[in-house]
Amino acid sequence: MDIIFTGLLLGGTYALIATGLNLQYGMARIMNLANGETLVAGGFGAFWFWTSSQVSPLLTIFVVAPLAFALNWLIYVVVLRPLVKRAKSRGQLEVDAILTTFGLSFVGVGVMLALFGGDYFSYSYLAQPVQFIGETYGLNRVVAFAAAVLLCGALWIWLYRSRAGMSVRAIAVSPDSARLVGIDVPSLSARAFALGGAVTAVGGALVSSFLTLDASTGVIFTLKALIIVIMGGVGDIRGTILAAVLLGILETFVATLIDPGLTLAAAYLLFILILLLRPQGLLGRART
Amino acid sequence: MTRLLTGTALAALFAAGGALAQETLTIGAVGPKTGPLAGGAAVTYWPNVQLWANDVNEAGGLQVGDTSYMVEIVEYDDQTNPAQTIAAVQRLATQDEADFILPPYSTGLNLAAAPIYDRYGYPQVTSTANTGNVEDLSAQFPNLYITLGAASGMVGGLIDVMTELREAGEIGNTVAMVNVADAFGIELAEEARPLFEEAGFEIVYDSSYPLGTQDLSPVMQGAADANPDSFVAFSYPPDTFALTEQAIIENLDVGVFYTAVATAFPSYQERFGESANGVMGIGGVNADDPEFQDYAARHEEVTGQAPDSWASAMVYSTFQIYQQAIEGAGTIDREAVAEYIANNSFDTVIGPIEWDENNNNPAYWTVGQWQDGVFRGIASTGREGEVDPIVKSGWE
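If you're matching them up, the sequences are chains A and B in order.
Using this note's numbering, the letters of the first sequence correspond one by one to residues 1 to 288.
Using this note's numbering, the letters of the second sequence correspond one by one to residues 1 to 396.
Note that these hints are calculated values from the structure, not bench results.
Among the hints, a few may not be true.
Partial list, computed: chain A residues near chain B (C-beta under 7 Å) [claimed, not checked]:
{"id": "1", "residue": "10"}
{"id": "2", "residue": "123"}
{"id": "3", "residue": "136"}
{"id": "4", "residue": "138"}
{"id": "5", "residue": "174"}
{"id": "6", "residue": "176"}
{"id": "7", "residue": "212"}
{"id": "8", "residue": "220"}
{"id": "9", "residue": "250"}
{"id": "10", "residue": "252"}
{"id": "11", "residue": "256"}
We treat Cβ as the ideally placed atom computed from N, Cα and C, and that holds for glycine.
Please take these sequences and the hints and turn them into a complete structure.
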């Protein structure tokens, strides 16, 4: 029982880390390797507001989200749109996007180093115990989990119950046909990418209350997010959530009952198994 | 008349120039600005490079005979990647023609670069390397110096402190021990297992976790379930913070709570406040030594941040060794300076440094403890100013 709850909390953290990348990769078709830098920037925002004026990270996200949205929109329009325009196939776009965002990730690290310095962003927020069925959990993790549920729920409702959401799903499935039914693909892609960035930055602000970040830790989160997105199925938000929770429970299970040293091995084993048995991801559609 | 005056002025200027020739010494510095160790280097390494250059130049440069040399620092980011450290040292030696190269940051990067320092004839007085096999290293690289101590001394110091507390009846003999699965954590844990047993401690929980683990709550729960009297973690900065936070959440009731790297960082105290009281960590300083206090004040003034209470002062001390050796040898010839380093002892901000037969500084801090907001050394292998340890009592 204890394992399931701890695992769920970790799964919530993973969902926060990965959902934004899924929007960017699945919907806007940009494999964004600079995703982790956005997360760290969001975390820094929370750190800065908390240490300078004791503003709770739960409020900071309302500042961080629009900023990240604007910045990511700008990055898409200036840097990535030319790639989308000239790409003859999805494969070519993927290669170009990976190379470009790989470069962007270095730019991101450099800019953050210059602005914030290389020190750890370490602060204590809601590091209090919560009792639940006889076990203790960190309140900050519980809050982050609740935020993850709210955020993912809202995204899910938006994507599956609104007209705009349906359009976004349409461009994820087939950008060429989406244009035929009157969807403004370039502008919607830009917004989907920007939304992904905003979600990632919010995730960063929330996880920074219990993870210690510094300017160059972004790549760790990019990798984790990548694994989760691929496991869940590219372009499917439900798959990402499922994969995040699955990974969280598996890692906690291994850490508690076998050995904490084997969590990484177990995570990658699960990744390989899913790639072998369901290469399109848990809930992904096979590409035709 | 005017002409003559100009002439005399010029002559005077030349004369002054002859007596006080001022030149520039190029000093290389290689360390992580990005990558996994960048956060540690940003606290312990880079601010000291800045402070030292500032101190030397403000004092009018290094006095070598009747020439004064201002220092100019050339910095490289090695991305916490040994291959990049090697490439950067090579570049400093061949392209930038650096007169001296300060030691890199961390055990792994120092050892990786040792052959290159050796090949180009640069003395390497390390400040952030902890290693066991000093004999082999000094035989292989005669200009390699270790100042921060050996893993065995670090672990030995901790076990001595714990034994003392146990004999005073303050703690029991069960220990939960965890380590980060990385060269540093593994080496210390391997040293610790037999030493704990020898000292009569029983290890009731023993586990490792991968570097960069996002959730350490299963580790802390496992440790808490074993109900230990003491908790010991050979940890790196992000996990030092995470383990402490989990211990507070679990309300881990132990008499000794020890975490390794970053426990002595000012940000540890800032983050945990009162809860940090009684936490033990690797390293230490003599916090009451006016020499150290003066250094800490200058550090804060020049770099805008406080030094940590362990390796920061050691990093600055090794830079002082370069400085004193260049001035003492009276030349910037590397061979002569290297010889001066080998044959002399040095007076630094952590106190005197002398070498043993393996170019090793035998007197170093091993364990420190947060006591009322100050991280104080409680055990060393021959430093002055050790204070008595206190027992950890709760997390409030």
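Do the hints match the structure? See the list:
no.	hint	in the structure
1	10	5 Å, holds
2	123	6 Å, holds
3	136	6 Å, holds
4	138	5 Å, holds
5	174	36 Å, violated
6	176	39 Å, violated
7	212	4 Å, holds
8	220	5 Å, holds
9	250	12 Å, violated
10	252	5 Å, holds
11	256	5 Å, holds
Hints 5, 6 and 9 from the earlier list are contradicted by this structure; the remaining hints agree with it.
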